[in-house]
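On the provided structure of chain A, position chains B, C and D as indicated by the hints.
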Amino acid sequence: MNPEHRRIAAKYLADKWRWKPLEYVFWLAALAAVWLLPSHHLILNEIMITGLFAMSLDLILGYAGIASLGHAAFFGLGAYTAGIFAIRVTGDPLLGLALAGFASAGLGFVTSFLVLRGVDLARLMVTLGVALVLGEIANQLTWLTGGADGLQGVTIAPILGKFEFDIFGRTAYVYSLIVSFLLFLIARRLVISPFGLSLRTIRDNPLRASAIGTPVDRRLIAIYTVAAAYAGIAGALLAQTTQFVSLDVIALHRSADVLLMLVIGGTGYLYGGFVGALIFKGLQDVISSWTPQYWTFWIGLILVILVLIGRDRMNLAVATGLARLRGKPAPRPRTIVGDR
Amino acid sequence: MLTILFDGIAYGMVLFVLACGLSITLGLMNFVNLAHGVFAMAGGYASAILMNRAGVPFLATLPFAFLIPAAFGLVLERTLYQRLYNRPHLDQVLFTIGLIFMSIAAVDYIMGSQPQLITLPEWLRGRVDVFGVQIGLYRSFIIVVCSVLVVALQMILTKTRFGAQLRAAVDDQRVARGLGINTSLVFAATFAFGSGLAGLGGALGAEILGLDPTFPFKFLIYFMIVVTVGGTSSLTGPFFASLLLGVADVAGKYYVPSLGAFVIYTVMIVVLVFRPHGLFVRAR
Amino acid sequence: MTRRAFIKTGAAAGFALSLIGGGALAQDTIKIGLILPMTGPFTSTGKQIAAAANLYMAQNGATVAGKKVEIILKDDTGVADVTRRIAQELIVNDKVTAIAGFGLTPLALATAPLATQAKTPMVVMAAATGIITERSPFIVRTSQVVPQIAGPFGEWVAKQGMKKVVTIVSDYGPGHDVEKWFTDRFKANGGEVVNLRVPLQNPDFSPFLQAAADFKPDALLVFVPSGVGTQFMKQFVERGLDKSGIKLIGTGDVTDDDILNTIGDVALGLVTAHHYSASHDSPENKAFVEAFKKATGGLRPNFMGVAGYDGMHALYEGLKKTNGAGGEALVNAMKGLAWTSPRGPMSIDPDTRDIIQNVYIRKVERVNGELYNMEFATIPNVKDPSKAK
Amino acid sequence: MTPALETIGLVKRFGGLVATDNVSFRLEQGARHALIGPNGAGKTTFVNLLTGVLAPSDGQILLQGEDVTQLRPDLRVKRGLVRTFQINQLFAGMTPLETIGVAVSERMGHGGDWWRPAGGSPEVIDEIVDIATRFHLTDVLEERTSSLAYGKQRLLEIAVAFACKPRVLLLDEPAAGVPEADRHELLSTVAALPRDVSVLLIEHDMDLVFSFAERISVLVNGALFTEGTVAEISTDPRVRAVYLGESVDE
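Residue numbers (our numbering), protein chains in the order written: chain A, 1 to 340; chain B, 341 to 624; chain C, 625 to 1013; chain D, 1014 to 1263.
Hints are computed from structural coordinates only; laboratory data are not their basis. By construction, the Cβ of each residue, glycine as well, lies at the ideal position given by its N, Cα and C atoms. Wrong hints could be hidden among the right ones.
As the list claims (entries may be wrong) - Chain C is faced by these chain B residues, among others (derived, beta-carbon under 8 Å):
1) D448
2) S453
3) Q454
4) P455
5) T459
6) Y478
7) I548
8) L549
9) V590
10) K593
11) Y594
12) P597
As the list claims (entries may be wrong) - Covered, in the sense of this in silico footprint (three residues per stretch, anywhere, with C-beta under 8 Å from a C-beta of chain A), are these stretches of chain D:
13) 1084-1095
14) 1104-1112
15) 1115-1125
16) 1147-1157
17) 1170-1180
Chain A extracted, bound-state conformation (with noise of 0.2 Å):
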């Protein structure tokens, strides 16, 4: 065996773990706001948890190639929990954190039986008919949830006994930040395991996963797990920094919005979702300021311009780089349905 084949070859699978300085960029930035930013820290919460959310979409969509138009099931069964937890037993958040992300794992482990099978066009029907049902079972449930009117009366105890929540979505902004980082890192290691590798060859190419010797569904289903949990996670976030749970958590636009946030920032390289939340969360607020009526015809403008001068040239910026930085080709566009 040459040796310096072997050099290259660990060099190469060392890349692909070892911190790129864009990340550090990112983090770093995404923690000076802390300071830099004081009266931003609302819109930055909501993006932060946004992006969490887009990040646990593109743990099966980019990574597994499973479409869902759904995903806000996991994030409104987090947000529900924590929210409910809250009233009825403890304001703790972190145990209210954590009860949520094991609810909506729960509910993916139940639920991924039903992705495991068929295209992707009946994939995105499926995931989306299990968050109206969901949705529409919160809405019954109105002596749980407050039903349509919403869950009131969610108050979050100081985190730790020590932080409490502020007007100016300070302490929401930190909290949300470290959790999403936390699960961030542990997100990053389950990408470059071999895990995570041989969940990208099921999006690849799932008959010669299986053919050697990947049990597909058994990774499919740990995975939607997995990703449920994170949305579980970004749900009880929003519930507890925002003391309010209603039904738009659970709602179709949620699932349509953050899948449009995550093909916007890219799939496949963690940072899509988050990257996504950021342009699309920024430009809705400050195109909305200004027309606050029409706004929508002005984001709608960006995204047909975005894709007909194509996604990834516009991403060119920050996906390449960040990507080459990372030692790999530009994340490619991933289809729903399949190429013809």
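Just chains B, C and D now, kept in the frame of chain A:
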């Protein structure tokens, strides 16, 4: 009981006319055109404007409800859509959602956000009693129009030269081109036709479903359900799927009102879990 | 300073700022954050209120107590957590004196704790569920309360000799309120009621209409969100229920002035109860309708518009009393205000901060070629019965 | 000796169509066996039954004497039954390094490991490089699979299977579509497969079959038509007739 069945069928028919254009673009041209509802809305508005502002009678507006969205679709296809045929579906989703956003804001700006109303001619209002079953006249009208449409569509697709060309173009663009078929022209015509059908559906359905700027989003789910449950390989699939969903929805809401909203979604999930390619697609 | 201490101090300082933010900091301008549904299915609510608020400012000048009044209009996007975040930003960053608007109940409920926390007055101009004003002592409402209309209406309907009514309501907060209060009062006066609920997203009413007809009631009470009502009425007539002796009745939401004219003849003869009609016969209203139409290019004001107009009036009068100060003083100043609105006499209940107003029974008629809700009976000075204990 | 792979009365029906008709077949340990047959003879269906992609309507499949008829495809692979595909089934977005790596990790039982980075252990890297060297892929280790030359993709197709440490290897037309220039490299690689691997070659190309195989089975209309040594089959007039499409009179 029979009245419920009848209402369900009529409702399903409206769903079908609205969705069949989508099943053409998605199923035959493999383009995920979520903005399909925009064309339906265009048809509805064309009909409403002609009727309310120009005083054209309802029936006479229907051709325009087909032609205007068709023209609109043709222009969009030539200028924008055709660039995206070979792009990944997520790009198509992004693009067409962008179109929905734009159209909603634009219609709101031009027409206002209030619902548009269609006034039916006298002879289509009310209902008659047929062998003890109460039959709504307008719903019967819809059933008749839609049935004719289904048959005509199936004929066009299977019996005409254009249908053959389209199927050839869909199966293999290169081969079709080699056979001297102008695939780009065929696609453009098909897209325009699908848009026109959507527009017609919008005009016919406005009476039952309502019509306002949020129309393209409000009914998107229903279109998608019909097309996925029915399968995208034929028109008969979505047709029966529409009927099934229409009847299931109406009957579900009548007999178990408290669970009404669940019925249509549950039907969809069950169907797709067991038949991922749709209910009416022959197993491979 | 340790990081923890830093955050703590920041939070404490921030809170202190917010306390005075309502009053002392807003020195030259009084900002009012108006959060409304400007996109989505309830756009017409947002448009009406925004237009009416601007009209009020145009008519009464943009200064109060020597300070310039400025409205910051925001789209609520129909999402509760976004609404709350926007309100929070308006309070924290823009230092608004008051927040106002709120098209839907959950959006108002999501924001209510903020009003308390920041001691910022919150004027609800649309959302109509009873509980809203109880969620914060800083909430004042100038629209209507559902029980206030549905309760007396139930009583009135019973007194007309109707024995059996089917209610069809949309399955959400206000719908439940209508159902409950109408049913309670109607039953208390000897009637019999069957309740049906319709999912909020529901394109076809035929199964529900069929179910309602099966009961052969004297009347059918409907409450669905404005706009959807048209579909309902059309299908009601289409099924021939109008000729079968069943009277269609409802709260004024279904015969919303904004769209009444376009609904067409199917609405004729519909009897509804509500607090405002554009045809209300008073000089104040004539002036209001005319000015509103002029300002909006022919749009007819509806109950949302008048609520926005009156909401601005309450704020103006309150600010006059406090000499431009906000916070608790402003809420107190608005309590007990009474004036003649375009809708008729109205006041803010000093105990509940909710609205007290006349409820009118109206019938849709064609007047000068246009459809109007013509008032023919008045139930004066109705308090919200859900709080009148 | 227990055969490496055996089928007993294997049947597969699609509706009324019998695609595999009562096939009883033995692959001996260390065999170099070829399965031939005209187009539509049911070779692909037979392979899909062996690997578990399809479930048989009737009959049994024994792998090293163990009944694997009901076993999931991936578990058959774990027991040493590995295949290649007639049409490349690769992971377009990954590099050969990753592709081989994932197969090696999976075989070593690391596939479900989600915490350690892939390729973290030296023995995995050693084996990747070892396989890449054997299949002449060291110069393209870091290129995207979709951008590789077809011949290289074909090599990778077999390398991935080899990385699963097969005891029974099903090669489905390994040389299909490979340009003449690359053919030799591929065939010599196949010929150099270790002797303890039992190989079933599914092939169309008679030259390749005759140069590689020691035994040949002929599949016609889903049924086993005949079996024998290379010499027997190459001189059998009935086989020739089948291939020429003439009717056979038994």
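Here is how each hint holds up against the structure:
Interface hint at D448(B): satisfied, since its Cβ lies 6 Å from the closest Cβ of chain C, which is below the 8 Å cut-off. With its C-beta approaching chain C no nearer than about 4 Å, S453(B) sits inside the 8 Å limit, and its interface hint holds. Contact between Q454(B) and chain C, as hinted, is supported at the beta carbon level, the nearest pair being about 5 Å apart and thus within 8 Å. A cut of 8 Å between beta carbons decides the hint on P455(B): the least distance to chain C is about 5 Å, and the hint holds.
The interface hint given for T459(B) holds, since its Cβ lies 6 Å from the closest Cβ of chain C, which is under the 8 Å cut-off. At a threshold of 8 Å, the smallest CB-CB gap from Y478(B) to chain C is about 6 Å, leaving the interface hint in force. Using the Cβ-Cβ criterion of 8 Å, the hint placing I548(B) at the interface with chain C is satisfied: the shortest such distance is roughly 6 Å. Hint status for L549(B) relative to chain C: holds, with the closest Cβ pair at about 5 Å, below 8 Å.
Checking V590(B) against chain C by beta carbon gives a least distance of about 5 Å; that is within 8 Å, so the hint holds. Below 8 Å, beta-carbon pairs count as interface contacts, and K593(B) has one with chain C at about 4 Å; its hint therefore holds. Interface hint status for Y594(B): upheld, as the beta-carbon distance to the closest one in chain C is roughly 4 Å, under 8 Å. Nearest Cβ of chain C to the Cβ of P597(B): about 6 Å, under the 8 Å cut. The hint holds.
Residue count for the segment 1084-1095 of chain D with a Cβ under 8 Å from a Cβ of chain A: 7. That meets the three needed, and the coverage hint holds. Against chain A, the segment 1104-1112 of chain D contributes 8 residues with a C-beta closer than 8 Å to a partner C-beta. That satisfies the three-residue criterion, and the hint holds. Here the segment 1115-1125 of chain D counts 8 residues with a CB under 8 Å from a CB of chain A, which clears the bar of 3, and the coverage holds. Chain A is given as covering the segment 1147-1157 of chain D, and this holds because 4 residues of the stretch bring a CB closer than 8 Å to a CB of that chain, at least three being needed.
Residues of the segment 1170-1180 of chain D with a Cβ under 8 Å from some Cβ of chain A number 4, which satisfies the need for three, so the listed coverage holds.
No hint from the list above goes unmet by this structure.
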